[in-house]
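Chemist: Letter by letter, the chains look like this.
Number of protein chains: 2
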Amino acid sequence: MTMKNMKRENLLEKLRKEGRFVENPCNGKGICGKCKVKILSGDAGKVTETERRFLSEEELAQGIRLSCMVYPEEELEVETLQKEKKAEVLSEGYVPEFEKHTEIKKQLIHIRKPNLKDQTSMEDQLLIQLGNVEIPFSLLQHLELAEGTYTAVIWSEKSLMALEPGDQTDYLYGAAIDIGTTTVVTSLIDMMTGKEMGTASRINAQKEFGLDVLTRISYETEHPEDGKEHLQKVITDSINEMLDEVCRKTEVPGKGRIEKHDIYEITVAANCTMMHMLLGVSARSIGRAPYAPAFVKSKNLRAAEIGIRAGEGARLYCLPSVSAYIGADIVAGAYVCELRKQQKNVLFIDIGTNGEIVFSDHGRLLSCSCAAGPALEGMNISFGMRAAVGAIEDVKITEQGVKLQIIGQEEYRQEKPEGVCGSGILAVVKELRRTGLIRKDGAFIKPKDISEEDYRYPMLELDGRKRKFKMTERLRITQGDVRQVQLAKGAILSGFYALLKKAGRTMEDLDQVMIAGQFGAHLPAESLIGTGILPKEVKDKLIYVGNSSKTGAYLALMSGKAKQEMEELAHHMEYMELGATEGYERLFADCLMFPDESEITE
Amino acid sequence: MTMKNMKRENLLEKLRKEGRFVENPCNGKGICGKCKVKILSGDAGKVTETERRFLSEEELAQGIRLSCMVYPEEELEVETLQKEKKAEVLSEGYVPEFEKHTEIKKQLIHIRKPNLKDQTSMEDQLLIQLGNVEIPFSLLQHLELAEGTYTAVIWSEKSLMALEPGDQTDYLYGAAIDIGTTTVVTSLIDMMTGKEMGTASRINAQKEFGLDVLTRISYETEHPEDGKEHLQKVITDSINEMLDEVCRKTEVPGKGRIEKHDIYEITVAANCTMMHMLLGVSARSIGRAPYAPAFVKSKNLRAAEIGIRAGEGARLYCLPSVSAYIGADIVAGAYVCELRKQQKNVLFIDIGTNGEIVFSDHGRLLSCSCAAGPALEGMNISFGMRAAVGAIEDVKITEQGVKLQIIGQEEYRQEKPEGVCGSGILAVVKELRRTGLIRKDGAFIKPKDISEEDYRYPMLELDGRKRKFKMTERLRITQGDVRQVQLAKGAILSGFYALLKKAGRTMEDLDQVMIAGQFGAHLPAESLIGTGILPKEVKDKLIYVGNSSKTGAYLALMSGKAKQEMEELAHHMEYMELGATEGYERLFADCLMFPDESEITE
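For the record, the sequence lines run as chains W and U.
Going by the working numbering, the first residue of the first sequence is number 688, and it counts up by one from there.
Going by the working numbering, the first residue of the second sequence is number 688, and it counts up by one from there.
Keep in mind that the hints are not guaranteed to be accurate.
Unchecked claim - List of simulated lysine-lysine pairs, PhoX-like, C-alpha gap at most 25 angstroms:
no., chain 1, residue 1, chain 2, residue 2
1, W, K716, U, K716
2, U, K1028, U, K1188
3, W, K1189, U, K804
4, W, K845, U, K984
5, W, K984, U, K845
6, U, K800, W, K984
7, W, K984, U, K804
8, U, K804, W, K845
9, U, K716, W, K984
10, U, K1188, W, K804
11, W, K984, W, K920
12, W, K1248, U, K845
13, W, K1188, U, K804
14, W, K1153, W, K1135
15, W, K804, U, K1189
16, W, K800, U, K984
17, W, K845, U, K882
18, U, K984, W, K804
If you're looking for bench data, these hints aren't it; they were derived computationally from the structure.
Every value quoted in this text rests on a predicted model; they were computed, and no experiment measured them.
Could you put together the complete structure from these sequences and hints?
Modeler: Structure below.
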């Protein structure tokens, strides 16, 4: 094959331009022998020496050729022989259709021994085969190549990341990570197929510095010398542990265990504060008005730069945020839920310590964030606890007494619960209101206002002048607890209304409400409507989309186009600062009211 | 100024397109007030608020305006008010004309305080003013900006390197470094003017690992665990010391001392082995056939990546090489001597332990490298020493006896020299041949072949069967010493002839011979011709170009275009491996012969 021929287009290139799938790990260099096609009619020219090396006599007799070696002089009818591997999807949660196009690719190359007539440098041997990709000098620092076949790992068609001995083009792994304030989830992905190979999750190790983002930011502020570094280290340590854990469980036929050094890209979705802390960037400006973060744009760096141990030169992609309180987790969710492509009015809501709401008016995105406080996650509540074994997660108030559903126990038995988690709190407040034990303004009724025969009478307890709900022998719900929930629901509902108003839409215009997040997934419509977090009109419009933050990270891993579209989405999402919105305080006060009893279902 | 206006071309942009010089450190953002021009005729429109802030009543009355604020609607006659700072040049050595266009630039920006209505992230504030340059996340890690004026340092129009408080646009510094096997020279450059602010030089600290490149490569080979790291560390330590030293001596009006953190770019020329060792890349393949280096291309990295301490994010540019033995020092020299632009036949030669020769046939470049050995630098010679105080640097053999010129002493006195350096060795061998004390084949004549009355008789000494030249009471030149010089001169002369032959040219075609390098600068034409290092025909064609390696590094620092042109030059320079050239051994043997006495002048 002369250099002159090289410039003409070969059959492989022609087929790829037509969008037909032909496997070609060596990128048409005649090294891998995998780009076989069958010539059905037409003259494909002489069979080359290279083809004889890879094709059997039988194959040649059938008209099978290596498409990178055929330079068509006339029209050919060609049958491709491989089926494109169908992209598989995550083990759980809603995943939209996407075009697999990973930013990391592998390519076979062949290193030959230099001689006195050809002293081409090692770098130039690589460049000649790989096209003009950048070769980081750090890779040259430990480049000791002998003659033979190698697999080049290339990032974004522009930079060589690693060289693996032999043909490793079948194996390519990445990790998608969702860093929540409370929980961190790591998913190991086969980037060749999109299959999830395993997951690990941990309580966010930053909890020792505070349960919510503001407390952690305070920690950073109070420890100017090393606070930022501590916060970063615990989270990167935790990610390293999880990567170890997910790899340990794997077993790939023909390869064995996936090792950490097989992971070449990691994508991260997180709220804006978590993202700052992951990258070791000060989050202080997020913690105080006017809430201007240091950055919102996506970041693409070497994972090693922040201490994450993975493959040589492995990339770390951090999804973009919109503002201090609309983070990459929400951008991920909005992307997964295709909010920019909606042909209707959709409201997306992630309920948690911060409630984030995105309204899509036929693709135009408007967002706000509501400081709901930690009550909805079981914090700042007398007997509040996280959703774990022993936590009350549902409550029914019946004429026969209080019935509880406890995590890890059979239905509605009353075996000494340890406390009450977020969904339990919402359930009990909903029930208190449904049964009239609290008024619309959230105050407990007085025991003297109901008769002693009333089934509710024994459930009310008077402690001095303080009224409480007696949930079990030991557990009480206090007026303070109800107020905490009330503040949270007021914050979210007022955000909901303010956003609709800003968009110039009414409740009737709303076609769908999407509930995102792991926490939201545990909140039944009855609790959401019954406590008045959401208005009754949306009851039949709710759908649950699961952990869309992790799914967004997954899509970014599997597709460069998804990264780009998320960046565009983040750029086009408008943000409304509730605190700076006219009439917001009045709206918030109105939204503190609980619904009418009649509107609440069991 | 509305966004609509922004898109029209202002007067500043028009003037710059016409190639007229207008100072504008804020890049036309209306922040610095420096782009004043005088409107001689035509209507320049209304004076803006911004202009009133920067211009006095008197200036306005004279028709002076800020050119970035004027959007011409008609033809204007304009007088520019500043004179472009004239580029100054290095303190010594030949420097061709060049276009100053540094890759590092400074730009004024203004940070404003965010508020609840505008929560633009700090990163986005920067991006809006700087255009879409990349902001490395490491810079975000220590970004604590208050409201006010900052100076952005931008690399290659694409990446933000640093932010300095206040207006620092008048100050920009860089360093040009020449790493020779023997000597390292560092030059501190004012990149705004091109002026050399100071120099420092050191014996290459790698000398503890060997005096020549092959010995150092052996050291690396013999210490696989940390040899490469040691070799790298001594050289980077040494560069850090020199940067300290050159800065320490400076005093800039209005600024004070230049600090290391003011240095934003460092350019390095070096031979291929030194470049590998500087970057911590194994040079082992350079030390053995077939001499294929790990890399030859230019490298552009952060100086901190190899432990060089300079400004935040400071760049390190390593000039490109051609092959294992035609390094970036020769590329630099060939560029400085404009070999690609020559309209004649020019031979460029750098004489040292390795002699590198480049032949330019009207711009077509052909090169070779000759392993001359260390004799020409005074090594492997009985009383050899480096060029230092006490070394014999010139010798005359007269009828009145041997006259010496000793470094640090008055002319031709004989005060106990310590030894003989490279130029002295060449001089004495030339004199031995001129006076017939050695024959064409390099052998000493026998004492018995001349009469005892001959003035040369007492200069010949017989030590058993070994003949020696008695230079002083203590110092002798042995037959072995003469052989060392003979091997060196044979290597260089045969390279010279082989290159001419390969180019299809004869001696008559040669228009000029350029002698490069610090060592070459000390070799008079008489020695070069008299010892037969160069043929007698070139005697009147010699010119000396000094340390063109350092000058090349300087040009790369001052001009992005120079970098690009050097890369092209390196790419287009052909390399001939002498050892693989047919008939080379015969040619080498022929070239061992010394010239006829009659051809040698005193």
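Chemist: With the threshold set at 25 angstroms, check whether the alpha-carbon distance from W:K800 to U:K984 stays at or below it.
Modeler: Between W:K800 and U:K984 the Cα gap is close to 19 angstroms, so the pair holds against 25 angstroms.
Chemist: Check whether the Cα positions of W:K1153 and W:K1135 lie no farther apart than 25 angstroms.
Modeler: 14 angstroms, holds
Chemist: Given the hint that W:K716 pairs with U:K716, test it: the Cα-Cα distance must not exceed 25 angstroms.
Modeler: Distance of about 51 angstroms is beyond 25 angstroms: violated.
Chemist: Measure nothing beyond the straight line between the CA atoms of W:K845 and U:K882; if it is 25 angstroms or shorter, mark the hint as holding.
Modeler: 37 angstroms, violated
Chemist: Quickly compare the C-alpha distance for W:K984 and U:K845 to 25 angstroms and report which way the hint goes.
Modeler: Given that 25 angstroms is the threshold and the Cα spacing comes to 16 angstroms, the pair holds.
Chemist: Are W:K984 and U:K804 close enough, with their CA atoms no more than 25 angstroms apart?
Modeler: 19 angstroms, holds
Chemist: Take the C-alpha atoms of W:K1248 and U:K845, compute the straight-line distance between them, and say whether it is at most 25 angstroms.
Modeler: Given pair W:K1248, U:K845 holds - Cα atoms ~23 angstroms apart, limit 25 angstroms.
Chemist: Could you grab the alpha-carbon distance between U:K984 and W:K804 and see if it respects the 25 angstroms cut-off?
Modeler: 19 angstroms, holds
Chemist: Do the alpha carbons of W:K845 and U:K984 lie within 25 angstroms of each other, as the hint requires?
Modeler: Holds, because 16 angstroms separates the two Cα atoms, which is no more than 25 angstroms.
Chemist: Taking 25 angstroms as the top limit, are the C-alpha atoms of U:K804 and W:K845 close enough?
Modeler: 40 angstroms, violated
Chemist: Does W:K1188 pair with U:K804 here, judged by a C-alpha cut-off of 25 angstroms?
Modeler: 18 angstroms, holds
Chemist: Would the hint linking U:K716 and W:K984 be met if the CA-CA limit is 25 angstroms?
Modeler: 24 angstroms, holds
Violated hints, in rising order: 1, 8, 17; the structure is consistent with all others.
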